[in-house]
Structures are given as structure tokens and as C-alpha cells.
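Peer 1: Chain residues, written in single-letter form:
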Amino acid sequence: MTGAHSGRTGRLRLSFIIPLAGFLLLAGFATMALMATLRGERDMSQLPSAMVGKPAPAIMLPSLLDEGRTVSAGDFAGRAFLVNVFASWCAPCRAEAPALALLAEEIAIMGIAYKDRPGDSRRFLTDYGDPFATIGIDRDGDAGMKWGVYGVPETFLVDANGTILLRHAGPIDRRVLDEVLWPAIRKLP
Amino acid sequence: MTGFLSRCLRTGLALAMLTMLAPPLPVSAVTPEEMLADPALESRARALSKQLRCLVCQNQSIDDSDAELARDLRIEVRKQLATGASDAEILAALRDTYGDYVLLNPPVSPGTYILWGAPVVILLGGVVIMLAGRRRRTDNDAGIKDDEVAPALPTASIDRRIALALGSLVMAASLGLYLVLGRADLPARPLADRGAELAAAASQAQEAASDRSVALQEARAGAAETPDDVGAWLRLAMAAAAATDSATEIMALEQAERLTGGDPAIRAMRAEAMARAADGQVTLPARELIAEILTVNPAEPRALYLSGLAAYQDEDYAAAVGIWRRLQTLSPPDAPWMKLLADNIADAARTGGIDPGPDAEAVAEAATMTEEERATMIAGMVEGLAARLAGEPADVAGWRRLIRAYRVLQRTEELQAALIGLADAIPGDVDAQLSALEHMVVARLEPGFVTESQRLLDRVEALDPNRPEGIYIRGHFARQAGDRDRARTLWEDLYARLPENAPIAPQLRKAIDDL
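Line order of the protein sequences matches chains A and B.
For reference, each letter of the first sequence is one residue, going 1 to 189 in my numbering.
For reference, each letter of the second sequence is one residue, going 190 to 704 in my numbering.
Among chain B residues calculated to face chain A with C-beta under 7 Å, some are: (1) Val-245; (2) Leu-258; (3) Ala-467; (4) Asp-468; (5) Gln-470; (6) Thr-472; (7) Leu-473.
Using C-beta positions, here's what the derived DEER-type ranges look like: (8) Gly-74(A) / Ala-398(B): 45 to 55 Å; (9) Val-309(B) / Ala-33(A): 14 to 24 Å; (10) Thr-678(B) / Ile-107(A): 45 to 55 Å; (11) Ala-524(B) / Gly-68(A): 48 to 58 Å; (12) Ala-33(A) / Asp-289(B): 15 to 25 Å; (13) Glu-106(A) / Asp-672(B): 51 to 61 Å; (14) Gly-68(A) / Lys-268(B): 24 to 34 Å; (15) Gly-74(A) / Glu-650(B): 55 to 65 Å; (16) Gly-573(B) / Ile-107(A): 51 to 61 Å; (17) Arg-465(B) / Ile-18(A): 56 to 66 Å.
Rather than coming from a laboratory, the hints here were simulated on the basis of the structure.
Since we're looking at a predicted model, the values are computed, not measured.
We put the beta carbon where it would ideally sit given N, CA and C, even for glycine.
The following block holds chain A by itself, in its conformation from the complex:
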């Protein structure tokens, strides 16, 4: 009688503990994800990019400043460079202008004027500075789609072999500059 009784509670406990443990495990994952979001380490808007590790799209774009010429990622063959997708209508692009000016002192930047009227893009450059080595006009967003852009601004780091090393969606602020871009640029050979 006592033996049967203790066996029963033992099994009862097990059938209680397994679902509880499963629940706690899930709750633990959820809490970790939530805390990471609250601490700013995990950004829900930052989607993993499929373009990292792939060759930079070699799409030819009409040049914004040299009429009649074209620009493409191929212009930078043999050296690393940044690609910045911007637009005059994009408020965060204005906010990241000082950061791009800083970056331009160390590395060439190719600009892609995404879905923007060329006149507006040029005015944007006069107002907020022109950190770009070359700028391509992407009037209807085709190049943006080839780069997997889903919102401006976006910034890509491409190495000397033309492979995309890094992608940042959203404006470059001081944290992104210090924790993401500078370390990645310093690591370049």
C-alpha cells in the first residue's frame, strides 16, 4: 500500500514537472529576447540580410553629378568601400549626414539616390554635405531591390573583392559608428 502510494506521487510529479519545465524553458527564451530588446541589443527592425557574403550587385546607374556617365560598384575594384542608400525625402538620412562625413575621411562611399528626383538629391547634397565619391541615380528603386534594400537609409560595407561584408539598416548614429562600422572598417586588410 505505501509502495503503491509513493510510486503514484512520483509519477504524478513527473507528469507535472515535464510540462512545467517546457513552459519555463519557453518563458526563459521569451524573457531573454525581451530583455535584449529593452537593452537595445536586439532591434526588431533589423532583419538578417541575405546579401552579406554575396557579391555586390554590379548594376549600372546614371551618375547624379557627371551627366552622361554611369557609376557602379565595379568602379571601386580592388579597394573596400561603403554603399549608402539615401534620399532627400528621408529624414534619418539628414541625421546621419555628419556620420557619413566622418566616414568619408577614411573610406570611399558610393551613394545611391533611391527613388528621388535628381534635382532634390542635388539640393540635399548642398544642404547636408556631399560625402560621396560617386553617386548613382536609382529613380525607380530597381538598384535598391537588387541590393535587398527595404528602407532608407541603408549602408553596406563591401571589401576589395567586391563581397558584401556588412549591412546596416537605418541611420548611422554614434553607437552604430563606434560599435559596428569603425570596428568592421578597421578589420579590413
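Start from chain A and add chain B according to the hints.
Peer 2: Leaving out everything else, chain B in the frame of chain A:
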């Protein structure tokens, strides 16, 4: 009573189930001009769109979403369909650029085994636990029978059967719900219930906006009618600011600027408009403009405020606090921005971990007091402070506080002494020397502070011999001392440096001619 309650509960539950199972409205964001002429291709395009995630909104398919990117992707899908690409090819191409995330139904791959396997595992786990529980009970019943202590109670076995039936029902229902609703391509539900509320808010906003746009139209007409009237352009700028039309505001301010020959106050308003147009960010061109304004008039309050804001946005909190403090000492005590300024200083000091000075809160508080209360509070603060500073003349923050207090109390001579005290505490700071000298000139106190003024003038000359205010003041003191030739040399030099349209140029010319 309980019967009634349980009936209510049951009806409620049934209703809730019905709402959940009701077919959602067939909404779609596809616009007619996007559609393909061939109905077969169009239906393939729609089917593909329902499988693709809108990367901006993330929980809608591109078929549902109004987002710009969703539209681009819909067009891209149709473009590729028109070239004869297969569904699989189109999905693969998009997956290449945007990653698995673009597919609403994630593919089965090592990374998604848990995702796909979890529901099956959990369901099987539930079945196993239920079966185990059932066997245990029967074992137990057998044990009781063997011992013949008590016969199996029929009621207990009925309870178990009900529990088992309920458990199975819940599981079957959840499986059914999952199969019906657990679909990635299920469209989003519109905010039907809040429609009226939203419409009311929208019409109210529209009314206010149309009021503002009428005012803007009137101001625009006014400026067009009298294009030489500075006031008309300023009114247009204000109406444009109210209608959040930054482009018009900046244009109107540029016109007003042109008419006034580059009035620093109007240029500062333009800098502010530029910052507002950039969502409050003090942009590079705005910063350049502010720097220009401050070289012409280092005490322009709006430019000073913005320059502090720029430092704050650069996370240089010490500089922000310094600049805003300077604005505080320069502003009349009843200036409308005092409260905002005190709050900003406290905020910057907190964020930057800087000691805001023991009176920061008191000053913020003082901004909300009546005139008399404020005067009494400050008078009390002043006596102790002045006595302490006599013994500790290196306390810069203390001098600044004392200066602010004397300004409020309008005690001119004490203020002059405190300004000199601050200038002596930081002999390397040109601004401190200059503000002591400027006050001496404005309050006509030169004769009483001869040695002090000479000391400060020497420092200004050594620190920044080209500073326009410094040159002007040196000329002024030279004239006071009777050295007209030196005054003339200095002022002519300054006059040559001034920009063509500087507002003080005519005054300076007159002063030189009067020598």
C-alpha cells in the same frame, strides 16, 4: 443562479468562437494599374504575393500592405511573371536578395526544424502525458481492488471520463483552430470598430489644417503684395511654421533677411527653421549659419540656444550646459525661454553626469514664482554667496550664479564687480573678459574700474587680438583715455573687417567720424 451564470458563460464562449471562425474580409492593397492583363498570370501573381512578407510592416503579406516597398515587390513579381519565370524561380530570386524572412511560410531547413517541429512535439507530448495519466489511474484502481479496501467509485470514473473527453475536445479544437487560422497568408483584420473615432479625429485634424492653410494663403498673398515689407515676410514665415511648411518658412525668412541686410535675429530664426525641418536635428548647414551669427552677435539668444542644442546632440553635455548657462546669464530674468532653458540644463547635466550646481533646481523653481517671491529668494541667496566668494575667488560656478542674481536684482555696481571676479577666475576665457568689459561700457562705469579694465583689456588682446568685440572695446577705452588716434586706428581696422551688410557698420562709421 449558477445555471444562469453557466449559460451566460457558455453563450459567451460560443460567440467568441464564432467571431474567431468568421471568415476575415477579403481586403487587398493591389491597385488596378498594377494588375496584369492576363487573368491567369494575375491570379498567379496574387497567389505569390500572399506568400511574400512585406519587410517594412513585417506581419503583413505584400498583397495586404500599402507600404511602398510592398508595391515595388508586387510590381517586381508581375514583371518576372511576364518574362515567363516560374513561381519557384520568382520566390528563389526574392529569397536570394531578401533572405528566408521574405517568405511568410518559412522553408524547412536546419534553422527552422524547431519552428516546424514544435507544434507536433507539443501535441504528441500532450497525448503521451494523457495516456500515461490514464494508465496510472487504471493501475491505481486495480491496486485498490486488489487490496479490497474500497470498491471503485463509479462517480470517480465518470469524472475521469469527462476530464478525458474535455481534454480531447480542447486538443481537437486547438488543432482545428490551428489548421483554419494558422495560415501565413491570412489577411490582416481592419480596425472596423474604431472607424468612427478615427474618422472624427481625422476630420478635426483636417479642419485645423485647412484653417492653417487659409492663414498661410493670406500671408503668402500679403508678402507677394508688399515684397519690400519685412513684417509681411515674417508673418508668412510664422504662418508657414504653424502649417509645418518648412520650405516656405525658410524661403520667407531668407527674404526678410535680405531686406534687413542679414539681421542676426532673423538668421537665427532661419537656423531654427532648418533644424525643425530636419526633425529637430541641428544639421551641418544650420550649424554653419549659427556659427556665422555668433561671430556677428555672440549674444544672439536663439543662436546660442541652438548651438547648445547642437552640442547636446553631439553628446557633448558639458559644452551644452556651458552654452545654455551663458544664455541664462545673458537673458532677462523674465524671458519666456528661461523655464525651458533651466529644464534643458538640468537634463543635459543629468545625462552627462555633470554637477548642475546646487541652485539649478532653485533657478528652475524661480521661473515659476511671482516677481516678488523671486526677488526675495535671490536676495537671500546672494548675501551668503558674495561673502563666500570673497574667500574663494576661484569658484567659477559661484561667480556665474552671483552674476545671474545681481542681474535679476539690477545691482549694477555689484554686478560689475562680480563680472570682474569671474573674469579673474578664468583669465583664459575671452568671453568672460569681454562680458565684464561690455557691461562696463553699457553701464558707463569705466572711471570706477580703471585698473581692472586695463587688466581685462590686456588679456583680451593677448588671447584673441582679432575678436571684433575686443577691437571695438579697445577703441572705446582708447577714446575714453583721450587717445583718439589709437581709437581711430582700431575702429577703422574693425570697420574693414566687418561684412558689407553688418547692421552695426553705419553706427561704427558714425563713431569714427565723430572722433
